[in-house]
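Residue 0 is where the sequence shown starts when you use numbering that gives the first Met the number 0, and the numbers rise one by one after that.
Just so you know, the hints here were simulated from the structure itself, not pulled from any lab data.
Given the structure is predicted, the values throughout are model-derived calculations rather than measurements.
Treat each hint with caution, since some may be false.
Under the rule of at most 27 angstroms between Cα atoms (straight-line distance), these lysine-lysine pairs were calculated in the DSSO-like manner [what the hints assert, rightly or not]:
#, residue 1, residue 2
1, Lys83, Lys8
2, Lys31, Lys88
3, Lys83, Lys93
Quick list of the computed label-pair ranges, beta carbon to beta carbon [unchecked claim]:
#, residue 1, residue 2, range
4, Gln65, Asp5, 16 to 24 angstroms
5, Glu16, Lys57, 27 to 35 angstroms
6, Lys55, Asn86, 33 to 41 angstroms
7, Ile54, Gly85, 34 to 42 angstroms
8, Thr72, Asp35, 33 to 41 angstroms
9, Ser76, Leu43, 24 to 32 angstroms
Beta carbons are placed, not taken as given, at the ideal position from N, Cα and C, and that holds for glycine.
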Amino acid sequence: MTVNIDSYKDDIGELMELLVNLRKSGQAEDYKTVVDSIGLIVSLIVSSTKNPELIKYKEFFDKLNQSIESEITGIQSETKEDIKIGNMKNYQSKLRLIKRLMSVKSSLPLCMKIDVIQSLPGSISEETKK
0 MTVNIDSYKD DIGELMELLV NLRKSGQAED YKTVVDSIGL IVSLIVSSTK NPELIKYKEF
60 FDKLNQSIES EITGIQSETK EDIKIGNMKN YQSKLRLIKR LMSVKSSLPL CMKIDVIQSL
120 PGSISEETKK
C-alpha cells in the first residue's frame, strides 16, 4: 500500500499547532495523545512510501523536522508545572524518535522498514504495546 503524503500534510500541520497549544496550557495527557498520533502517522508514511515519492516531499519533511526540533526545545523552556520533568523527557524522546523515523531508508522493502522502526529504542510501537 502506498500512502499519499498530501492527504496527511494538513493533518500533521494541525497536530503540530495543537501540540504547542496543549504544551502552553499544561494539558499533559492530551499532549501525549497528540505526540503518539503524529508518530503513528509518520510511521505509516515512512513504512509505506516508496523512495522517489519521499524525495518529492523533502521540503515538507524538512519543515516538519524544524517544527519538531522547535517543539523539543519548547517543552523544556516553556512548559507549565503540570507537565512533570519525567513526562517532558518522555515527550522529547518520542519527538526525537519521530524525527529518526523520517530518516529510515525508504527504499527498503516494507517488512524491513517495519523491523527497523520497531527495533529503534523507545520506538512508537514499543510505547503503544505498554
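Now the hints, each set against the structure:
Among the hinted pairs, Lys83 with Lys8 is inconsistent with the structure: their alpha-carbon atoms are about 30 angstroms apart, more than 27 angstroms. At roughly 12 angstroms between alpha-carbon atoms, Lys31 and Lys88 fall within 27 angstroms of each other, so this suggested pair holds. Between the alpha carbons of Lys83 and Lys93 the distance comes to roughly 15 angstroms, so the proposed pair stays at or under 27 angstroms and holds. The given range of 16 to 24 angstroms is respected by Gln65 and Asp5, whose C-beta atoms sit roughly 20 angstroms from each other.
At about 22 angstroms, the CB distance of Glu16 to Lys57 disagrees with the hint of 27 to 35 angstroms. In this structure the supplied range 33 to 41 angstroms holds for Lys55 paired with Asn86, their Cβ-Cβ distance being about 36 angstroms. Remark: the range hint 34 to 42 angstroms for Ile54 to Gly85 is upheld by a beta-carbon distance near 38 angstroms. As the Cβ distance of Thr72 to Asp35 is approximately 20 angstroms, the hint placing it in 33 to 41 angstroms is violated.
For Ser76 and Leu43, the hinted distance range of 24 to 32 angstroms is satisfied, since their beta carbons lie about 31 angstroms from each other.
In summary, the structure is inconsistent with hints 1, 5, 8 from the numbered list given earlier, while agreeing with the others.
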